[in-house]
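K.L.:
Sequence:
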Amino acid sequence: MTNRAVVIGASAGAIEALSKLLPALPAKYPWPILLVVHVPPDTRSALPELFAPKCRIAVKEAEDKEKLRPGVAYFAPPNYHLLVETDGALALSSEEPELFSRPSINVLFDSAADAFGSDVVGVILTGASADGAEGLRKIRAAGGMALAQDPKTAQCPAMPEAALAACPGARAMGLAELAALLASLPEEGAA
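Residue numbers (the numbering used here): 1 to 191.
It should be emphasised that the hints constitute simulated quantities derived from the structure, not laboratory data. Warning: the hint list may mix true and false statements.
[What the hints assert, rightly or not] Ranges of calculated distance between the beta carbons of each label pair, as one might list FRET restraints:
{"hint": "1", "residue 1": "K28", "residue 2": "S118", "range": "19 to 25 Å"}
{"hint": "2", "residue 1": "A176", "residue 2": "A128", "range": "18 to 24 Å"}
{"hint": "3", "residue 1": "F100", "residue 2": "R56", "range": "31 to 37 Å"}
{"hint": "4", "residue 1": "N79", "residue 2": "G169", "range": "14 to 20 Å"}
{"hint": "5", "residue 1": "S94", "residue 2": "A27", "range": "23 to 29 Å"}
{"hint": "6", "residue 1": "P30", "residue 2": "R171", "range": "36 to 42 Å"}
{"hint": "7", "residue 1": "S93", "residue 2": "G117", "range": "18 to 24 Å"}
{"hint": "8", "residue 1": "A141", "residue 2": "T43", "range": "31 to 37 Å"}
{"hint": "9", "residue 1": "P97", "residue 2": "D64", "range": "17 to 23 Å"}
{"hint": "10", "residue 1": "P40", "residue 2": "S93", "range": "14 to 20 Å"}
{"hint": "11", "residue 1": "E49", "residue 2": "K28", "range": "18 to 24 Å"}
Here a beta-carbon is modelled for each residue, glycine too, at the ideal position from N, C-alpha and C.
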């Protein structure tokens with residue numbers, strides 16, 4: 001069982017942003033990564049297949065009750081909220097959408113803050129909604145690291161702007177800076 005995670009939320013412009021972050025991570029990456037990307041609810045997600053060939057870490061769609069493993073990126077499946085339980089297992093939920101989104105970034109971030117406290121790193125990337133802003137604030141309040149893509153570099157700045165407004169302690173960074181910081185996370189704990 002792992003007792004920490006990187007959680008990432010993105011929407012419009014996500015593929016371009018994640019294409020700069022995920023391939024930058026080393027093969028023996030010591031943290032699991034949980035990702036919520038807003039995708040249409042009635043389609044199959046091609047995100048794992050799209051990113052797996054580009055990445056040195058394992059990339060897959062999250063499964064209910066699956067145990068988190070370091071060095072694996074787990075994408076939320078379409079039309080399901082992705083949560084992490086306090087025992088480090090993943091959970092999928094079909095509860096009501098939040099801010100018109102299922103999966104919801106806030107739902108993932110809230111559960112990660114509860115499960116990991118100060119050992120979680122939250123990242124909000126490009127997007128056109130406010131999803132993730134409250135979840136990032138909760139991560140910061142739990143002692144975790146709160147990061148957002150610099151809105152000036154985002155294809156859609158609304159989501160990182162909302163996150164930075166809701167969470168004044170969050171750090172705004174360009175994608176290259178974010179990639180370098182994530183790639184250098186320590187073996188133990190969040191910095």
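K.L.:
Hints broken by the structure, by number, lowest first?
P.N.:
Going through the list in order, the structure violates hints 4, 5 and 6 and respects the others.
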